[in-house]
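Below, each chain spelled out in residue letters.
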Amino acid sequence: MDSRARNLLDEALGLDQLAQSKPPLGGKAVLIEDCVETSGSFVLHQLIKRLHTAVPNSSNVVLFLAFANPFSHYDRILRKLGCNLGAQREKGRFIFVDMLNVECPVGEEGKAGGRSGLFALFANITKVLNALPESNRKCLTIVIDDVSLMEVAAHGSSDHVLDFLHYCHTLTSDYGCSLVTLNHEDIYSSMDGLVFLKQMEYAADVLVKVEPLATGLAADVHGQMTVLNRGSLNNRMSNFQFRIKENSVEYFYPGARA
Amino acid sequence: MAATKTRTSSFSRNLPAASSAQSPEIKCGPNGTFLVSSGIPDLDKTLGGGIPLGSLVMVMEDSEAPHHMLLLRNFMSQGLVQKQPLLYASPSKDPRGFLGTLPSPSSPKDDKSRSHDAEQEKGLRIAWQYKKYFGENQSNLDGQRDNKQEFSNEFDLRRPLDRHFYTGQHVDCISTKDLPNIAALQERCTSFLSQFPRNDASIACTGRIAIQSLCAPQCESSNMEWEMLSFIRSLKSTVRSANAVAIITFPSSLVSPSFCKRWQHLADCLVSVKAIPDEDKELAKLLTGYQEIVGFLNIHRVPRINTQVPAVLEATTLSIKLQKRRYLVLECLNQAPVDGSSGSSYGTSGSCSGSSSKSGSLDF
Numbered sequence: 001m002d003s004r005a006r007n008l009l010d011e012a013l014g015l016d017q018l019a020q021s022k023p024p025l026g027g028k029a030v031l032i033e034d035c036v037e038t039s040g041s042f043v044l045h046q047l048i049k050r051l052h053t054a055v056p057n058s059s060n061v062v063l064f065l066a067f068a069n070p071f072s073h074y075d076r077i078l079r080k081l082g083c084n085l086g087a088q089r090e091k092g093r094f095i096f097v098d099m100l101n102v103e104c105p106v107g108e109e110g111k112a113g114g115r116s117g118l119f120a121l122f123a124n125i126t127k128v129l130n131a132l133p134e135s136n137r138k139c140l141t142i143v144i145d146d147v148s149l150m151e152v153a154a155h156g157s158s159d160h161v162l163d164f165l166h167y168c169h170t171l172t173s174d175y176g177c178s179l180v181t182l183n184h185e186d187i188y189s190s191m192d193g194l195v196f197l198k199q200m201e202y203a204a205d206v207l208v209k210v211e212p213l214a215t216g217l218a219a220d221v222h223g224q225m226t227v228l229n230r231g232s233l234n235n236r237m238s239n240f241q242f243r244i245k246e247n248s249v250e251y252f253y254p255g256a257r258a
Numbered sequence: 001m002a003a004t005k006t007r008t009s010s011f012s013r014n015l016p017a018a019s020s021a022q023s024p025e026i027k028c029g030p031n032g033t034f035l036v037s038s039g040i041p042d043l044d045k046t047l048g049g050g051i052p053l054g055s056l057v058m059v060m061e062d063s064e065a066p067h068h069m070l071l072l073r074n075f076m077s078q079g080l081v082q083k084q085p086l087l088y089a090s091p092s093k094d095p096r097g098f099l100g101t102l103p104s105p106s107s108p109k110d111d112k113s114r115s116h117d118a119e120q121e122k123g124l125r126i127a128w129q130y131k132k133y134f135g136e137n138q139s140n141l142d143g144q145r146d147n148k149q150e151f152s153n154e155f156d157l158r159r160p161l162d163r164h165f166y167t168g169q170h171v172d173c174i175s176t177k178d179l180p181n182i183a184a185l186q187e188r189c190t191s192f193l194s195q196f197p198r199n200d201a202s203i204a205c206t207g208r209i210a211i212q213s214l215c216a217p218q219c220e221s222s223n224m225e226w227e228m229l230s231f232i233r234s235l236k237s238t239v240r241s242a243n244a245v246a247i248i249t250f251p252s253s254l255v256s257p258s259f260c261k262r263w264q265h266l267a268d269c270l271v272s273v274k275a276i277p278d279e280d281k282e283l284a285k286l287l288t289g290y291q292e293i294v295g296f297l298n299i300h301r302v303p304r305i306n307t308q309v310p311a312v313l314e315a316t317t318l319s320i321k322l323q324k325r326r327y328l329v330l331e332c333l334n335q336a337p338v339d340g341s342s343g344s345s346y347g348t349s350g351s352c353s354g355s356s357s358k359s360g361s362l363d364f
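Going down the list, the protein sequences come from chains A and B. Counting from 1, position 54 in the first sequence corresponds to residue 54 in the UniProt record's numbering; the numbering is continuous, with no gaps. Counting from 1, position 271 in the second sequence corresponds to residue 271 in the UniProt record's numbering; the numbering is continuous, with no gaps.
The set of hints was computed from the structure by calculation and includes no laboratory data. Computed from a predicted model, the values in this text were never measured in an experiment. Where is the CB? At the ideal position from N, CA and C, for every residue including glycine. A couple of the hints might just be wrong.
Claimed, not checked - To give a feel for the contact side, a few chain B residues facing chain A, derived at Cβ under 10 Å:
#1 31
#2 54
#3 100
#4 101
#5 177
#6 236
#7 237
#8 238
#9 257
#10 259
#11 310
As the list claims (entries may be wrong) - From the structure, some residues in chain B lie toward chain A, with a derived Cβ separation under 7 Å:
#12 240
#13 258
#14 264
#15 309
#16 326
Next up, chain A with everything else stripped away, as it sits in the complex (with noise of 0.2 Å):
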């Protein structure tokens, strides 16, 4: 593709090394943590809008499972970047799962046969992945918005949700498709919360951590970004910061900025 996409932010990813026909993860696991200060949905944004315009008439997918807001508000950011969802949705390319007043409740009974809560979510991604042409199911990337909320809607059991993050990896590795996760990094201070994000990051292939300038609040910056991609051999750490525009984001390295 030419250099107009190509930012500080593919590069980590590792998404200029692809070709253009491979989908543009690869099978790849991506964990992006952020915390009360900074919100790292912007990554998730940046990877839809990838996605879908990378390639002219790609046959990408992606199944969006939304904990944190409704379409319209995904609907209305994307439009900005210059990608309409509405219209993917149509062509069945954006699959769009409102998760925000679904319970996910994992009790014993839930165990027993009840196909209910993530047993039936994860029913329903299996459905979709099947639908897909054999060829296409490498092209399907799974994206949760985001994983605390997650655990929220499964009443705390959070066993049941690192259960279900596990069957969507086994998915990567069976047919290649990616998941993309955001967590709040935060939020798992004490004992027993920290295995959960530990867990997470280290099923995780590339590892986005989204945090506020250590300096404080700046008006041309918005934050900086840590990503930590684990190569076969090597891994590989950037750091940069950030300024998010709406129809765009800066990315660029600390002090590189005019």
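Dock chain B against chain A, hints included.
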């Protein structure tokens, strides 16, 4: 705006402009949102015009001082004055009694004293032969004030709200103590919010929910953290799809730290209040107008609905002042040696207290 019909073109006309013109208590905000007032004009200004419809505001209480009640009172009064239905839940035995403590909007006469200096300045600039036009304008403004059809009012904390504002059908009070569990509160909120479905065409009616001290120890369900979270989550999503605004205050020190963070993540707009100690000599030296300051308001999060751009505020800490012991005013902190840049805000507070002596003698 919940777009029910999918748009296949990226370009679309902005429909809502007409509908908002009809109801002055709703303002058009950025990104297709509609704003209502928080009851504190200064807070509205800081948040970018007001609170967007469909957002959840969380206030972290100071465990030692009831400053969150100031915010709640103004928020509720603003809604009642504009005849918006209100749902109020509180852990006290008699929540309806709290309505008697709500402040009343100040009369236009008092209003003028606050914006007096601005008008005066304008008057000086305008050539004398145009003065008659200026006068016309002003009478228009006054007419609006008399009708009480404003976006936001100034509230006089010393004057109780007229009874007729809150005796009607549209005010619902709940004592969270009486409820068997949090699910009951959730049910009440959902049924309340079902009055205000959101559709593209127009906004007929907006509602307000005020929940005081959720998770206070006297409630039954204070120790069921996941249930509380799930309540807030469902409230947030129902409010989002309704023409309503919800405000929750909670004692952050009573919630365990990691759950407190979860609560904070759920909020669209997050503020915390803190009292300042009386007679603190050092602070008094440091801050101008220390006598009037009753506490600080920290803004942690500004509503970001339909946009990804974070708002960078000029200052996240504001001082809560009670001007003339009547009006709730938020100001950026001015540190002792007043420099030129902050002169204007210092000037307004100065002139206000100056005019207060005038109108004050009339009022008593």
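Next on the checklist: So, against the hints stated earlier in the document, which numbers end up violated here?
Outcome noted: Structure breaks hints 3, 4, 5, 16.
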